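Asker: Chain residues, written in single-letter form:
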Amino acid sequence: MPIKNSLYRLLGARMIYKNLPFLYFLCGLGVIYIGNVHFAERNVRKVQTLQHELREQRWRYMTVKSDLMYQSTPTMIERSVAEQDLHFLTSNPVVIR
Amino acid sequence: MKEVKRELLIRVYIVALAMVGIACLLFYKAAKISIVEGEHWRSMGDSLYLKYMPVIADRGDILAADGSLMTTSLPFFDLHVDFRAEGLREDIFKANVDSLAYYLSRYVNTSVSKTQMRDWLIQKRRNGDRYALLTKGVSIRDLERIKTFPIFRLGKNKGGLIIDRQHVRVKPYKLLASRTLGLDRENAQQIGLERTFDSYLKGEEGQRLMQRVTGGAWIPVSNLADLEGRRGADVVTTIDPEIQDIAEYALLDGLVASNGTKGTAIVMDVETGAIVAMANLGATGSGYDEDYNYAVGFSSEPGSTFKLASVMALLEDEGADLTTPVDMGGGTGKFFDRTMKDSKMHGIHMSTLQEAFELSSNVGIARLVQDYYGRDGRAGQFIKRIHEMHLHEPTGIELDGEGAAMIKDPAKKEDKWSGTTLPWMSTGYECRMTPLQILRLYNAVANDGKMMKPYIVSQITREGRTIKRFRPEVVDSRIASSATIKKAQQLLQGVVETGTAEEYKPDYYMFSGKTGTARTDYYDPNSPRKQYMASFAGYFPSDNPKYSCIVMVYDPTKNGFYGATSALPVFRKIADRCMGINRDLLAQTELPDTIAYREGMRLVGWSQKEELNEIMDVIDMDANVEGQGDWARLAGGKEMEMEVKDVLEKNMIPELYGMGIRDAIYLLENRGIRVSFHGIGRVKGQSVQSGQPIIKGSSIHLTLG
Numbered sequence: 001m002p003i004k005n006s007l008y009r010l011l012g013a014r015m016i017y018k019n020l021p022f023l024y025f026l027c028g029l030g031v032i033y034i035g036n037v038h039f040a041e042r043n044v045r046k047v048q049t050l051q052h053e054l055r056e057q058r059w060r061y062m063t064v065k066s067d068l069m070y071q072s073t074p075t076m077i078e079r080s081v082a083e084q085d086l087h088f089l090t091s092n093p094v095v096i097r
Numbered sequence: 001m002k003e004v005k006r007e008l009l010i011r012v013y014i015v016a017l018a019m020v021g022i023a024c025l026l027f028y029k030a031a032k033i034s035i036v037e038g039e040h041w042r043s044m045g046d047s048l049y050l051k052y053m054p055v056i057a058d059r060g061d062i063l064a065a066d067g068s069l070m071t072t073s074l075p076f077f078d079l080h081v082d083f084r085a086e087g088l089r090e091d092i093f094k095a096n097v098d099s100l101a102y103y104l105s106r107y108v109n110t111s112v113s114k115t116q117m118r119d120w121l122i123q124k125r126r127n128g129d130r131y132a133l134l135t136k137g138v139s140i141r142d143l144e145r146i147k148t149f150p151i152f153r154l155g156k157n158k159g160g161l162i163i164d165r166q167h168v169r170v171k172p173y174k175l176l177a178s179r180t181l182g183l184d185r186e187n188a189q190q191i192g193l194e195r196t197f198d199s200y201l202k203g204e205e206g207q208r209l210m211q212r213v214t215g216g217a218w219i220p221v222s223n224l225a226d227l228e229g230r231r232g233a234d235v236v237t238t239i240d241p242e243i244q245d246i247a248e249y250a251l252l253d254g255l256v257a258s259n260g261t262k263g264t265a266i267v268m269d270v271e272t273g274a275i276v277a278m279a280n281l282g283a284t285g286s287g288y289d290e291d292y293n294y295a296v297g298f299s300s301e302p303g304s305t306f307k308l309a310s311v312m313a314l315l316e317d318e319g320a321d322l323t324t325p326v327d328m329g330g331g332t333g334k335f336f337d338r339t340m341k342d343s344k345m346h347g348i349h350m351s352t353l354q355e356a357f358e359l360s361s362n363v364g365i366a367r368l369v370q371d372y373y374g375r376d377g378r379a380g381q382f383i384k385r386i387h388e389m390h391l392h393e394p395t396g397i398e399l400d401g402e403g404a405a406m407i408k409d410p411a412k413k414e415d416k417w418s419g420t421t422l423p424w425m426s427t428g429y430e431c432r433m434t435p436l437q438i439l440r441l442y443n444a445v446a447n448d449g450k451m452m453k454p455y456i457v458s459q460i461t462r463e464g465r466t467i468k469r470f471r472p473e474v475v476d477s478r479i480a481s482s483a484t485i486k487k488a489q490q491l492l493q494g495v496v497e498t499g500t501a502e503e504y505k506p507d508y509y510m511f512s513g514k515t516g517t518a519r520t521d522y523y524d525p526n527s528p529r530k531q532y533m534a535s536f537a538g539y540f541p542s543d544n545p546k547y548s549c550i551v552m553v554y555d556p557t558k559n560g561f562y563g564a565t566s567a568l569p570v571f572r573k574i575a576d577r578c579m580g581i582n583r584d585l586l587a588q589t590e591l592p593d594t595i596a597y598r599e600g601m602r603l604v605g606w607s608q609k610e611e612l613n614e615i616m617d618v619i620d621m622d623a624n625v626e627g628q629g630d631w632a633r634l635a636g637g638k639e640m641e642m643e644v645k646d647v648l649e650k651n652m653i654p655e656l657y658g659m660g661i662r663d664a665i666y667l668l669e670n671r672g673i674r675v676s677f678h679g680i681g682r683v684k685g686q687s688v689q690s691g692q693p694i695i696k697g698s699s700i701h702l703t704l705g
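Chains as they are written, first to last, in the numbering used here: chain L, 1 to 97; chain X, 1 to 705.
If you are wondering where the hints come from, they were derived from the structure by calculation, not from laboratory data.
Misleading hints may appear alongside valid ones.
[Unchecked claim] Each pair of labels, with its calculated beta carbon distance range:
no.	chain 1	residue 1	chain 2	residue 2	range
1	X	Asp584	L	Arg60	35 to 43 Å
2	L	Ile77	X	Lys51	45 to 53 Å
3	X	Leu133	L	Val47	32 to 40 Å
4	X	Glu497	L	Arg60	49 to 57 Å
5	L	Thr49	X	Leu48	17 to 25 Å
Keep in mind the model is a prediction, meaning the values are calculated, not measured.
Beta carbons are placed, not taken as given, at the ideal position from N, Cα and C, and that holds for glycine.
I would like the entire structure built from these sequences, with the hints used as guidance.
Answerer: In structure tokens, the structure reads:
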């Protein structure tokens, strides 16, 4: 019977009771761990979405910019103002002073 | 009681046994899965939740000298429609098909009518097509608009719009230097800079281990940077977009005017050999396009532009001088059994080397060369001089496919040197070179004899930092003695002052150069018509050259076939505009006395005193002020007089002569007079004379000029 008793004592309520704070701590760690994983994954997703958005914005910028670059070449400008009879200067500028 | 207890115990044991049995079974199964079949299941799990994903590196950009983008990668989208998309219910489709057809026919496929589009949509819907091609190559801006169309605006799964992205190399400047920049395409060879610098541009494709997490996202398992792809480096060229624009469109206009089949124009920085513009145009079905890099790849007989080399050889060997007399034979001359002709029968006989060069006389130059080098086996000396000018070598520009130069050598049997080779070669036949190779010689003359290697890429950068720099390279610090170079410069200037290019002599700066007209099919007696190649090579401004330039127009058929009529106008236009954007190259023209100081001359009409004072301040002019009021005008005498008064003080129509239209309208309409005018400039005439009383509501017409 002594063996049985000591076994009871080992696995007994007192032991569990004594280590309960530690078990709580472990559970807490577990919860934090799971939460952290979700949090990290959400961040990764957010980063990916933002990266995608950033890329799209860059494409949009580049598309608009390349249009603008083309429109602002001297020849294109001359063509677009030809109606107003504006042309490139073909004579030497005169310095007044 | 005991019976009951026993029975209960037995039942409990049975249940416990069953539990233990199940537990064992579970344990066995678990062990089997994880140990015995472990390998299989683990790899299967990996393939579902873990995979290596290629990280495709973005290709680098090609930049102009000023950093603006000449080639970049942009996404374009191919659009398909899933007509059996989940959310695309019959009622939604029916309600919106009309308006969708309207938008599609208006913005996406403008070649079909709204009804045709509607029929197409209904047809596809009936067939239940899940991947019907709508359009290809839509830009991101258009895509955004398309996404707002009816049905499509329902979203990805409901609207059925399927978007496939692909990256396309885009040249924002479109035509400009497009062949030089090159192409990067699938299933075909790359060309141009895309090809030469592919190893830098392409970057490194990487592989990354990704893990699938809830929500369908893939996240990198580890941050092993060495597995990540690297964006390609950027290639910075020496091309100046503004000058490229000038050259490209000047060439285009020139080709249209002369109806040439192809043409090229190159502008090079004299001091460094940097190519600032390289335009290549060839006739396509409907106009001209950059279809081949003629400047680098197309070698042909240069014609008269080669005479510069011939004359320089003569000068260097002191075989002739600028004043050496020569018989131009009136325009024809016989060399052995062949007759050489000048481009025009000019009828001039006795002349000098200088005049023969300026008039581009084939006979004159060939005669001089033949007289000196044609005897005693001295032809080899001529070739030696040509070699000293590096005309037999490729330029080594960083573009693949450079055309080979061909200069015959009397010492080589396979070159088939004959008696007529020397005279014909001296006028630019029986030899071949590319436009760039010719330009290199003219550039060296402009650069006082220092020959630079033409180059088009100045550096390679990654994220803005230079990883490789290309510096100007000297091919030969002196291709001829400085006396020869001086004389060559003098000759080239003479061509423009009094020679074949005189008609296009500019009036406020000078360029130097040489016209060239070469028959390209003289060897073909069956040619239906004579074909020519017109060229002009030179540099500007003459006194302190900044740019050298060559223009070639192949097979011009309209408005003359001469270098002076087809290529020179293009050169002149390029030179004019380049000088226009480099005003510091121009000698400043200062009027000795500005109009304001001319005695007895009234400078301008009445203008607002404050504005006039401001102008006077800026140009630092003083004047004696007389009178009082808000309006003023200047009069020039020994000293400037400024007359000031209130022009409307007596309620009379003022003198409007010389007044700006803005002031005139302000003045008159404030007093209720309606003003009409025609012309541009300042007021020249007024329909109601000054001194007439102002009548409210009356009208006046002004003539400007």
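Asker: Quick one: are Asp584(X) and Arg60(L) within 35 to 43 Å, going by C-beta?
Answerer: 39 Å, holds
Asker: Is it true that the C-beta distance of Ile77(L) to Lys51(X) lies inside 45 to 53 Å, as the hint says?
Answerer: Roughly 52 Å apart at Cβ, these two residues keep to the hinted range, so it holds.
Asker: Looking only at beta-carbon atoms, does the pair Leu133(X), Val47(L) fall within the given range of 32 to 40 Å?
Answerer: 34 Å, holds
Asker: Tell me if the beta carbons of Glu497(X) and Arg60(L) are separated by a distance inside 49 to 57 Å.
Answerer: Since Glu497(X) and Arg60(L) have Cβ atoms about 55 Å apart, the given range 49 to 57 Å holds.
Asker: Could you check the hint for me, namely that Thr49(L) and Leu48(X) are 17 to 25 Å apart, CB to CB?
Answerer: Holds, since Thr49(L) and Leu48(X) (Cβ atoms, about 23 Å apart) stay within the stated range.
The earlier numbered hints are all upheld by this structure, with none contradicted.
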